[in-house]
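Student: Listed below, chain by chain, are the residues.
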Amino acid sequence: MEGIVLALFVCLVLALVTKYLSIPPIPFYIIGGVLLGQSGLSLVTSSELSHFFSQMGLIFLLFFMGLELKLERVAANRSAVLTSGVIDLNINMLIGFIAAYMFGFTLVESLVIASAFYISSTAMAITSLIENRKLMLREAETVIWLMMFEDLVLIIFLAIISAGDQNPFIFLLKIAGVLAFLYAIAHYGKEFLISILDRSDELPILFTFGAVLTTASFSMYIGVPETMMVIALGAALATTDPDAFEQHARPFKDVFLVVFFVFFGITMNLSAGVDFFMIGAISLLAIASKLISGILTGIFIHGSPLSGIEIWGNTIARGEFSIALAALFGSPAAATIIAAMVVVTSIIGAFTSKYSVRMRRWIAAPSGHRGRHRRGH
Amino acid sequence: MALRSVNLPGVGTKYEFSTDKGDTIALFFTKTGTIQMYTLQGGCHTPSAAEMTPMEARRLGNILTGAIIEAESESVEIAFSAIADLRITIHTYTIKKNIAGKTIEDLQIRTKTGVTVIAVSRKDRNIINPPPSFVFEEGDAVVVIGETDQLKKFEQDVMVD
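Just so you know, the sequences run in chain order R and A. Numbering-wise, this note's numbering puts 193 at position 193 of the first sequence, and it's gapless, one number per residue. Numbering-wise, this note's numbering puts 1007 at position 7 of the second sequence, and it's gapless, one number per residue.
This is chain R alone, in the form it adopts within the complex (with noise of 0.2 Å):
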């Protein structure tokens, strides 16, 4: 209990610090997480409390995802939508995956650090867009809706790899099952829902949780991927209000998540080493990768390689979605690396975020012009 209550009073003042500075926090909660763990200084161990603590960080941050799936918007938007989110996903997987082999892990764990490279943080990416003021440039749509791409392909992987040996036709039966329960819930008793979230009581957060943490346990004891499903439960309830959802469920999300990440780093074992010439390769490629697909995906959308910067500026960052797939599928030497790589790429993406119109400028300005191109506006 007091090793929780040491993490989150460093986390706090991580937070402080990182907020003041506008830097994302994530990769200090987790190199934090790493000082204080067994790694570290060893003041504080994991329990079983802990462990529980950073499971509900995960489930929320997978129901807020859930929540935010615009599904039917993502069918208008299709055409551009799918060519943005295939030349993301076919790039950056196959960069990350041949990496990842080429360093020496094994099939399954090069599949889970390719997709950990692969998915670019959404946080990050949108409170940059928001807080450098850039959501009126054309490329700012082309990024939230690659977001929303990843995000599905999220979801599918997470299908795919907790299927296991399991018998893939009752276990597609078993995930059909549950979602077509929780969006009859959703569309049969949207009124009933309404009601509830009307309340000023505690009966909508508690209404909240409980949802969450049943359709959770529930699809434990079914044997369908609890996380998928916690996904598919904001998607359902989406349908409903979503925006009572998320301000009904966000203290849980950003107090669970905190103790999660910096509970990753608490429990990260060091104790094999770690290849430094590895992490910086990685963490190369992951910054160089997304500036190919990124480029590619300013051509065919906006058709200027130029915009393609600053699609990458954006997209740098890779964040929570690649922590939680370290967390449930990661060896610790996967593990590892993807956490190298979220805390270089995230403190780098936070600056080629800041200043990708700048850098834009200057490419785009022949070098005898540049000087009277800096006051453009």
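The hints are simulated quantities; they were obtained by calculation from the structure and are not laboratory data. In this text, all values refer to a predicted model and were calculated from it rather than measured experimentally.
List of simulated lysine-lysine pairs, DSS-like, C-alpha gap at most 30 Å: (1) A:K1031 - R:K19; (2) A:K1112 - A:K1153; (3) R:K253 - R:K190; (4) A:K1031 - R:K190; (5) R:K354 - A:K1031.
Mind docking chain A on chain R? Use the hints.
Tutor: Relative to the frame of chain R, chain A by itself:
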């Protein structure tokens, strides 16, 4: 001028329209509760942006719909389209030293100018429909209702006594 509105997942709602002169204005109501306004001059590539709190955005809205807002006082003009030519202005003023300590009756506000004091805000307290015996204090914010001409008279005869 076509107004386009999009709901962007994770961000919030976006409203965008182009003016006849070819400039573009975009507004974002973000989930963090702030409002961002972007303007892009026609032919330019870099928009400029301003971030506002909901309160500031409402103020901007008031200015854009035609109400005058000065540094210390603001006014709202209401025009009733169904009643011909009826235009009522509500204006706020801050009481200065020169009339502090006097009552509404002393100043003969209504007889001399025709305007009516409808509310006074003192520190955190609001007094609606103050009686004629109400004593002003320095720093009170008063809300006055009347016609534009009457308000002008009020400014000249009472406020600058």
